[in-house]
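Peer 1: Chains as they are written, first to last, in the numbering used here: chain U, 7 to 631; chain E, 7 to 631.
Just so you know, the hints here were simulated from the structure itself, not pulled from any lab data. Keep in mind that a hint or two might mislead.
Claimed, not checked - Here are the simulated lysine-lysine pairs, DSS-like style, with alpha carbons at most 25 Å apart:
hint	chain 1	residue 1	chain 2	residue 2
1	U	K310	E	K310
2	E	K310	U	K88
3	E	K310	U	K79
4	U	K310	E	K79
2 protein chains.
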Amino acid sequence: MVEADVFADGHDALACVLRSRHQSSAEWTESPMAPLVNDRWRGRFTVTELGRYVYTVEGWIDPFRTWNRQLAKRIEAGQDVKLDLEIGARLVEAAATRVQGEDAARLTALAQALRKQGTAMPAAQREQLATLMARYADRSQATSYSRELEVVVEPERARFGAWYELFPRSAGKPGVHGTFRDLEQRLPYVSGMGFDILYLPPIHPIGKTHRKGRNNTVRATSSDPGSPWAIGSEQGGHKSVNPDLGTLEDFRRFVRVAGEHGLSVALDIAFQCSPDHPYVREHPEWFRHRPDGSIQFAENPPKKYEDIVPFDFETESWRELWQELLSVVQFWIDQGVRIFRIDNPHTKPFPFWEWLIGEVKRAQPDVIFLSEAFTRPKVMYRLAKLGFSQSYTYFAWRNTPWEIAQYFTELSRPPVADFLRPNLWPNTPDILNEYLQIGGRPAFAARFMLAATLGASYGIYGPAFELCEGRAREAGSEEYLDSEKYQLRTWDLDSPDSLRDLITAVNKLRRENPALQTDRTLRFHPTENEFLVAYTKSTEDLNDVVLTVVNVDSRRTQAGMVTLPLDDLGLPRDKAYQAHELLTGARYVWNGPRNYVEINPSSAPGQIFRFRRQVRSEHDFEYFL
Amino acid sequence: MVEADVFADGHDALACVLRSRHQSSAEWTESPMAPLVNDRWRGRFTVTELGRYVYTVEGWIDPFRTWNRQLAKRIEAGQDVKLDLEIGARLVEAAATRVQGEDAARLTALAQALRKQGTAMPAAQREQLATLMARYADRSQATSYSRELEVVVEPERARFGAWYELFPRSAGKPGVHGTFRDLEQRLPYVSGMGFDILYLPPIHPIGKTHRKGRNNTVRATSSDPGSPWAIGSEQGGHKSVNPDLGTLEDFRRFVRVAGEHGLSVALDIAFQCSPDHPYVREHPEWFRHRPDGSIQFAENPPKKYEDIVPFDFETESWRELWQELLSVVQFWIDQGVRIFRIDNPHTKPFPFWEWLIGEVKRAQPDVIFLSEAFTRPKVMYRLAKLGFSQSYTYFAWRNTPWEIAQYFTELSRPPVADFLRPNLWPNTPDILNEYLQIGGRPAFAARFMLAATLGASYGIYGPAFELCEGRAREAGSEEYLDSEKYQLRTWDLDSPDSLRDLITAVNKLRRENPALQTDRTLRFHPTENEFLVAYTKSTEDLNDVVLTVVNVDSRRTQAGMVTLPLDDLGLPRDKAYQAHELLTGARYVWNGPRNYVEINPSSAPGQIFRFRRQVRSEHDFEYFL
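Make the full structure from the sequences, and use the hints.
Peer 2: Laid out in C-alpha cells, this is it:
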C-alpha cells in the first residue's frame, strides 16, 4: 500500500497511478490510486517474486473529467450547454488521435454522438466514453514523483525463523575433535527442539601463527584447535574446509542431511585472515603493511589481535579483492548454503556490502544475510538499509521490562521496522551477560521465552544455552569460561536441567501461531509490577492474538494486573473471554481490560496466552469453573 | 544551526564541516561541525545578506586524528611506539605534498621532529602539528550529503509587520471618487495607529464590459466604478493607473509620502483581465477561446464571472506571456513598490510562481510576496515552499480557543514553521465572518487582539474593521453589504465606537516587545474555561515573555485559571512574580503556575501581560499591595 500527496494548482480533476516493476523487468505495471482526504491518495501493488521492486507515483490533470464534472453542474443549473458539448467532443477527438486501432474509431464515433445526442446519450455509451477517455488520457504533461522508491522482497525465512548456533568441534566423542559426520548425529536433537536454522561458526582451516590457546591465552599448545575466526592456513582459506571437520564433500553431504531434518545450514562469513592464510602470501597488496615491512594485524589500541590480519578494503587492488570476496560467498552458495551470518560488517566499507549483497541477490534473491554488527544504532540501521536481511540487536543487554519495552517498541515501528528485521540472541559465543551469570536456570528460561516471543527471528548459542552454562571467564567479563572458541567442550545433552522441553514447546507454539511470526504488531501493556513484562502480537485479522507475560525476577514469584486494549485486540468489552495459557493448557475466564497474572519463575518464568475472539458457549468455561 | 548524522564504518576518527554559500557567490565557506551524541553532529553558519543560501555537509575519515588517538593509548599502555611514530611521520609527509608554500616546509620539519623527538616533542609543536594536519586533511575520499539544501533570507518585514488595507476610491469627499492626493491625507491616520504596510487593491483601469454594479449586481450603472480586480480597459492594463485615482506620477509621489509616514505601500498583483484589457486585443493567443470563437471568461460552474478573463498559462506562447507578467511586477518595483499581495496564486501554475519569484528576488531580494491562497493546506504549503514570503491563513474561520490552539500550534512548529510565515487577517474585503456579523464591537476587538498577538504579521481591511462594519450582503454570506469592491463608501473615522485607540495601543506593544515579533515561540496554555484562550510568546533569552489571554465570548465576562509552564518561561517556582498588564498598566503578583484571570469583553476582550524575570525587591509590590 502506497500513499502520496497529489495536487495541482487550480481546481481541475486529477488522475493518479502507482507505477511499479520488478528490477528484472523493464515494463512498468500501473494501478490506479484513489483520493482519500486532504490531497492524500492511496494505491496498492502486489509483489509476486523475490527481489527488488521499484515504484513511483504519476499524476496528471484530466481535462475530460474536469469537463464532465462541470457539465453536470451546468446541466443541473439549466444552462445552455451546446458549446460545452462541442468542447467535450473536441477533447474526445483529440484523444482519438492518440490511439491506434478500433478504439480510435470508437472515440471518433463517440465524439459525433456527443455533438448530436448531447445529454440524451445513453448511459452505456456515456460509460464507454468515460472508460476510453480514462484509458487514453493525455499524459504528456504528467508529473512523476522525483524518486523511484524500492521495496525488497525477501524469503519468508528472513522474517521468521529459530536459529541454533553450535561448534562442530564439540560434536565428537569426549576429547576428540568433532567432524561433520559426528554433527549429523546431532541433527535430530536440534531439529527435535523445533529449530529452523543451524548456524556454524567458520569451518575453514585455522592459522597457527599466534594461535590463541584455551581461554584466549596468548600461546596455544599443539593440541589447541585455535579460534575458527583466525581463518586460513597452508591447508587453505575461505573456500576450504578445516580437515579436522572433514572434507568439502562431507560438508555438502551434511547440508543435504540437515535439509532432510528440516534444518537450513547457515555459515559464518568473516572477512579476515590468519597470518598463514594463502591470500597473505599470494596477495600482499590486499593488506596493510607497517613501516618495517611486517603485515598490519588487527588491533583496538592498546589491544592487539595478532592471530588476525584485516583486509585493506581501500587498497589500490580493491576491485580484485572485492571480486574475490564475492566469489567466496558464491562458492558456499554453490555448496548449497543460502543463509549467511556476516561477522562484524560494520568494520568494512558500506559500499562494499551494498555491492556484494546486490550482486548476490540479483541472481539469487533467496539468499539471506544476517548482520552481526553490535555497534552504534545508526550504523546498524545503515547496514539494514543497504541490504542486510536481518540484524543482531541489543537484546542481550536489555533485561528490565522498561528497557525491553522501550527498545522493541522502537524496533517494531516505523521508521526502523521499515528496513530492519531484528534477530534476538540471549547469548552468543561472545556474550554471556551478567543476568544469565547470576540468575541460573530461571534466568535462561526467561531470556529464552522473551527472545522466542518478542522476535519472529531469534537464536541461541547451544548447547551452552539450553544447558544453562553461566560461568564467565572472570568477574565482569561476558566471555565464557572454557569457551568453545578456543577448545573442545563436552556437553551433557540429557541433563535434567536442560531447557530442551521448554524450547521444544515454545518453538511449536511459534509454528502454530502466525501472530508470533511477525514483529510489526508487537505492543506492550502495563502490568503494575516492575518485574513483569507483558506484550501481545497478533495477526492483522485478529484471528490470532498471543499475549506473553514474563517474570524477569529469577528469584521470586511476581504477580500483577495486566491491562489490555480490548478494542484493538478484538476482545469483548461487555462479556467474559477466554485466556488459554498454551504452555500449561490452563484456560482462564478473563473480564474487561484488567486481569490478574501470577508467575513463579521456578516452574516457568513466563506464560503465553492465546485469545479466542469470544467465549462461544458455557462449555468453554468447564475447564475450571 | 545545522545538525547531521555523520558516521562511517569502523572506528576511525571523523571530521565534518558545514559548507555554505550565498547564491551570488561561487565560493563555499566552511565551518567545522562538532559531534553531539549518537553520531549526531552540529554546526552553524551566519547569514549576512538577503537572498538564497545553499548549504551541505561534508565529512571524511581523518587518519591523522585516528593515529594520534591510538598513539596516546599505546603510550599509556607502555607499548613500544617507534614504528607508530614512523607511521605518523609518513602521514605528515603525505600532507606536506598536498600543500604549497611555507606550510609544506613546516610539515616536513614536523615529520622529522616526530621521528627524532617522538613523544618528547614540545606541546606547542604538537599543537601546531594537529592544527596543520586538520587544515590539510586528505579530503579526496570525503563524502558530501547528496543534496544542497537552501535557506532563504528575507527582509525583517517578511516576519513582522502590521498591514492595513484600504480602497483609495473611498478616500475622497463623500460621493466623490478618491485619488492618490486624497489618500495622502489619510496617511497620518493609518501611521498614527502604528501600521507598517498600507496595502491597496488593484489601482489599474477597470473594464466596462460586464462591469459589476453595487452589491455585485450583473448590470452596472454608468456611475458604478466596478471591481478593481476586473483589470484593464482602453485606458490601459497592468502597468497603468486608473485615471480616477490620478496619474502614475501621483502614485510615485504617494509611495514617497507614505514612506515619510513610515508606511510601505503594498500593491495587489491579480493576473487576470477584464475583456477590455489591451492584452485581449493584442495577444489573443494568451487566452482560451470557446468553439464559437468567443473568449473564455472565468467560471466556477455553474457560476460565471463574465467581467474577468483568465490567462491561459499553458498557451503555446507561454514564454512571452510569463515574461510579460514578470515585467508587470518589475514595472511596479521600478515605481518604488517592494511588497506585493498576490491574488489567488493557487489558480496559476506552481512553476510559474517559482520562476517569477526567483527572477525577481535574484536581483531584488528585499521584495516580499504575500500569497492570497485560501485553498487546501498542501497547496498553501507548496506555494510557501516555492518562494512566497508570507501566506494568508484560515485565521478568519478559527474562532474558538480549541480551533485557534490547534491551528496555530501547527503553523508555529516545524515542519510548517520552517517554510511558511502566516499573515493573520480577521477580515478582508471578501471575508466578513459570522462571528463578526453577530458579535459587534467586542467581537471585532477580540479578533483584533488575537490577530495582532498570535501573528507577528497580521492585517485588517479598514476602515470597515476598526469601525466594526458587520453588515453582510445577505444572511449566510461573508460578503459585505455595500461592499467597497463595487462602490465608494464614506467612513466616519471619528466614530466613538472606533477601535482606533485599542489598535494604536496594541501596535505600540508589538513594537516594544520583541516576543511579539516572532511566531516560533508561540505556545498555548490551559485556562479551565472554554471561552478563554491563553498563549505566550517569548524571546530566546526569555528576557521578554508576553502572555495574552482573550475572551472569545463577546457577551459575558469569563474567568479562569491560567496554568503556565514556569520553568520554560523562566518564571520562579518558589517566589512571587509580577504580571504586568500592558493595556491597563495594572501590575499583579502571581504565584506558582496557576493564576486567576477575569475578562469583561465590554471593556477590553483581552489582556496582555509581560513578565519580569523575577520580582527583585519588595518595592515592586507596592503598586497594589
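Peer 1: A separate judgement is required for each hint: does it hold in the structure or not?
Peer 2: For each hint, the structure was consulted:
no. : hint            : result
1   : K310/U - K310/E : violated, 84 Å
2   : K310/E - K88/U  : holds, 16 Å
3   : K310/E - K79/U  : holds, 12 Å
4   : K310/U - K79/E  : holds, 12 Å
Consistency with the previously given hints fails for number 1 only.
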